[in-house]
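A.B. asks: The chain contents come next:
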Amino acid sequence: MSENFTVEIISPDKSILKSEAAEVTIPSYEGQMGILKDHIPLITFLRPGLIIIKENSGEKIFFIEDGIVEFSNNSLLILTSTAKSLDSLERNSIDAIIKSSEEKIRKGEIDDKERYLLSYKIDTLREINK
Amino acid sequence: MPSLDDLKKRIKSVKSTQKITKAMKMVAAAKLKKAQANAEKGRPYSEKMQNIILNLTKSINDPENAPKLLVGTGKDKINLCVVLTADRGLCGGFNSNICKLAKTKFEKILSEGKELKIITVGTKGLEQIKREYGKYVIKKFSFKNKKQITFTEAETIGNEIINLFKQNQFDKCILFYNNFKNVITQIPQAQQIIPAEKNSSKEKEEDLTSYEFEPEEDEILEDLLPKNISTQVFKAFLENAASEQGSRMTAMDNATRNAGELVDKLTINYNRSRQASITKELIEIISGAESL
Chain A
1 MSENFTVEII SPDKSILKSE AAEVTIPSYE GQMGILKDHI PLITFLRPGL IIIKENSGEK
61 IFFIEDGIVE FSNNSLLILT STAKSLDSLE RNSIDAIIKS SEEKIRKGEI DDKERYLLSY
121 KIDTLREINK
Chain B
1 MPSLDDLKKR IKSVKSTQKI TKAMKMVAAA KLKKAQANAE KGRPYSEKMQ NIILNLTKSI
61 NDPENAPKLL VGTGKDKINL CVVLTADRGL CGGFNSNICK LAKTKFEKIL SEGKELKIIT
121 VGTKGLEQIK REYGKYVIKK FSFKNKKQIT FTEAETIGNE IINLFKQNQF DKCILFYNNF
181 KNVITQIPQA QQIIPAEKNS SKEKEEDLTS YEFEPEEDEI LEDLLPKNIS TQVFKAFLEN
241 AASEQGSRMT AMDNATRNAG ELVDKLTINY NRSRQASITK ELIEIISGAE SL
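Chains as they are written, first to last, in my numbering: chain A, 1 to 130; chain B, 1 to 292.
Since the hints were made in silico from the structure, they are not lab data.
From the three backbone atoms N, C-alpha and C, an ideal C-beta is built for every residue, glycine too.
Where hints are given, some of them may not hold.
Footprint (simulated), chain B over chain A, 3 or more residues, beta carbon under 8 angstroms [stated by the list, open to error]:
hint: 1; stretch: 28 to 39
hint: 2; stretch: 42 to 49
hint: 3; stretch: 75 to 87
hint: 4; stretch: 110 to 123
Here's a subset of chain B near chain A, in silico, CB distances under 10 angstroms, partners left out [to be verified]:
hint: 5; residue: 45
hint: 6; residue: 154
hint: 7; residue: 156
hint: 8; residue: 220
hint: 9; residue: 223
When the alpha-carbon atoms are kept at most 27 angstroms apart in a straight line, the in silico DSS-like pairs for lysine-lysine are as follows [to be verified]:
hint: 10; chain 1: B; residue 1: 58; chain 2: A; residue 2: 84
hint: 11; chain 1: A; residue 1: 84; chain 2: B; residue 2: 34
hint: 12; chain 1: A; residue 1: 54; chain 2: B; residue 2: 77
hint: 13; chain 1: B; residue 1: 33; chain 2: A; residue 2: 18
hint: 14; chain 1: A; residue 1: 84; chain 2: B; residue 2: 41
hint: 15; chain 1: B; residue 1: 77; chain 2: B; residue 2: 172
hint: 16; chain 1: A; residue 1: 14; chain 2: B; residue 2: 144
hint: 17; chain 1: B; residue 1: 33; chain 2: B; residue 2: 103
hint: 18; chain 1: A; residue 1: 18; chain 2: B; residue 2: 41
hint: 19; chain 1: A; residue 1: 84; chain 2: B; residue 2: 181
hint: 20; chain 1: A; residue 1: 18; chain 2: B; residue 2: 227
hint: 21; chain 1: B; residue 1: 33; chain 2: B; residue 2: 48
hint: 22; chain 1: A; residue 1: 84; chain 2: B; residue 2: 147
hint: 23; chain 1: B; residue 1: 48; chain 2: A; residue 2: 37
hint: 24; chain 1: A; residue 1: 18; chain 2: B; residue 2: 34
hint: 25; chain 1: B; residue 1: 41; chain 2: A; residue 2: 14
hint: 26; chain 1: A; residue 1: 14; chain 2: B; residue 2: 114
hint: 27; chain 1: B; residue 1: 58; chain 2: A; residue 2: 37
hint: 28; chain 1: A; residue 1: 54; chain 2: B; residue 2: 41
hint: 29; chain 1: B; residue 1: 181; chain 2: A; residue 2: 113
hint: 30; chain 1: A; residue 1: 18; chain 2: B; residue 2: 48
hint: 31; chain 1: B; residue 1: 48; chain 2: A; residue 2: 84
hint: 32; chain 1: A; residue 1: 14; chain 2: B; residue 2: 147
hint: 33; chain 1: A; residue 1: 14; chain 2: B; residue 2: 172
hint: 34; chain 1: B; residue 1: 181; chain 2: A; residue 2: 14
hint: 35; chain 1: B; residue 1: 34; chain 2: B; residue 2: 144
Construct the complete structure from the given sequences, taking the supplied hints into account.
C.D. replies: Structure follows, in structure tokens:
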């Protein structure tokens, strides 16, 4: 029996990915979360971070800023408007995003929730750019 | 009887109109392909979003404390109608169909003694609604200079709706747009987005799976519902864009065909009167020769 389940990433204007995976790691709102086959049904939010999809042939990594995840009947559904494949991101553009996010934090006109999300965004992007 | 020259001019003018309509049809066909693909790609997102919300709704046991966006304010006094139309004309009954549906709804709302508020998106709809219901229009949007409507535009409208809701400006929100079925058929639709309409027939089919929520249901809903509004608006945009092009294509196809028929008719007329004048001249020559 295969140990795979289906993964779908959908953005408002297109379907970004549809494939089979053995394990998916998602940056859920309250911490990293690994999902294997036969996980119990789940609905949760995402914070900025990386989605790591382990397929038989290798790994696929996406950077996301927000989204909703639903897992049921061995199919994982990720709805997001911001998913970007890691290969398509360039160093310079990452730097620019980091800078603008830091700027926002410095201005201090945001609430705690936003600050929390932004700091995760910066950390993840820094990690990528290492 | 028009003179030969007049007929010639007429034929020429119809032919050049035909050229324009033909070109418009071609452009619409090319745009339609893209818009249709976009609409189809956008459908899964909004459908899945609806599904998740449906699942969430089922697991809420305490309707008293449920978010207002979902269950409504409990009143049905002020109705907000959002009418989505195109910015350009010459697309058959596209704009009129939406407006017709909207106007029947407006009438119903007013006759029931409720308050009416209108938001229009797109200039063509505004023109048609302004005449009778101008005083009810509270906001108008137009994305005329945008080449392609993206999620950002939908979000602007979504946020506007949510803001008004938070200020208790309305109790019920209805979205009017054309649903793209295929190139020839577009169905004008009225979709209620606040409070979220429950699809009772769908509920029965789905089995009740109990989900694990993280964070709590309420928190998820609080965040998800505003997003859903924007998503629904975006979906309406995509459907509308495809419908507009489809409608224009059929309209222009008809126009081209009509122009062709007209040219044929005029050409026959032209040939007949040309023949008539030749015959007349011949008769004159022959009778002139006979009298000599």
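A.B. asks: It remains to establish, for every hint, whether it holds in the given structure.
C.D. replies: Evaluated hints:
1. 28 to 39: Holds: 3 residues of the stretch 28 to 39 of chain A have a Cβ under 8 angstroms from chain B.
2. 42 to 49: Since 4 is at least three, the answer is holds.
3. 75 to 87: holds (count 3)
4. 110 to 123: With 0 residues closer than 8 angstroms to chain B, the stretch 110 to 123 of chain A misses the three-residue bar; violated.
5. 45: It holds, given that the least Cβ distance between residue 45 of chain B and chain A is near 5 angstroms, below 10 angstroms.
6. 154: Given a least distance of 8 angstroms, the restraint on residue 154 of chain B holds.
7. 156: violated, 14 angstroms
8. 220: Where the cut-off is 10 angstroms and the nearest Cβ of chain A is about 6 angstroms from residue 220 of chain B, the hint holds.
9. 223: Status holds, d = 7 angstroms.
10. B:58 to A:84: violated, 33 angstroms
11. A:84 to B:34: holds, 22 angstroms
12. A:54 to B:77: violated, 53 angstroms
13. B:33 to A:18: holds, 23 angstroms
14. A:84 to B:41: holds, 17 angstroms
15. B:77 to B:172: The hint holds at about 8 angstroms.
16. A:14 to B:144: At roughly 24 angstroms apart (the allowed maximum being 27 angstroms), residue 144 of chain B and residue 14 of chain A satisfy the hint.
17. B:33 to B:103: violated, 31 angstroms
18. A:18 to B:41: holds, 13 angstroms
19. A:84 to B:181: Between residue 84 of chain A and residue 181 of chain B the Cα gap is close to 31 angstroms, so the pair fails against 27 angstroms, i.e. violated.
20. A:18 to B:227: With a Cα-Cα distance of about 23 angstroms, the restraint between residue 18 of chain A and residue 227 of chain B holds, given a limit of 27 angstroms.
21. B:33 to B:48: holds, 24 angstroms
22. A:84 to B:147: holds, 24 angstroms
23. B:48 to A:37: Roughly 21 angstroms between the alpha carbons, so the hint for residue 48 of chain B and residue 37 of chain A holds.
24. A:18 to B:34: holds, 22 angstroms
25. B:41 to A:14: Answer holds: residue 41 of chain B to residue 14 of chain A is near 5 angstroms, not above 27 angstroms.
26. A:14 to B:114: Not satisfied, since the Cα-Cα distance of roughly 40 angstroms exceeds 27 angstroms.
27. B:58 to A:37: holds, 25 angstroms
28. A:54 to B:41: Given that 27 angstroms is the threshold and the Cα spacing comes to 25 angstroms, the pair holds.
29. B:181 to A:113: violated, 42 angstroms
30. A:18 to B:48: holds, 14 angstroms
31. B:48 to A:84: holds, 20 angstroms
32. A:14 to B:147: Satisfied, since the Cα-Cα distance of roughly 18 angstroms is no more than 27 angstroms.
33. A:14 to B:172: Roughly 30 angstroms between the alpha carbons, so the hint for residue 14 of chain A and residue 172 of chain B is violated.
34. B:181 to A:14: holds, 19 angstroms
35. B:34 to B:144: holds, 18 angstroms
Checked against the numbered hints given earlier, the structure breaks hints 4, 7, 10, 12, 17, 19, 26, 29, 33 and satisfies all the rest.
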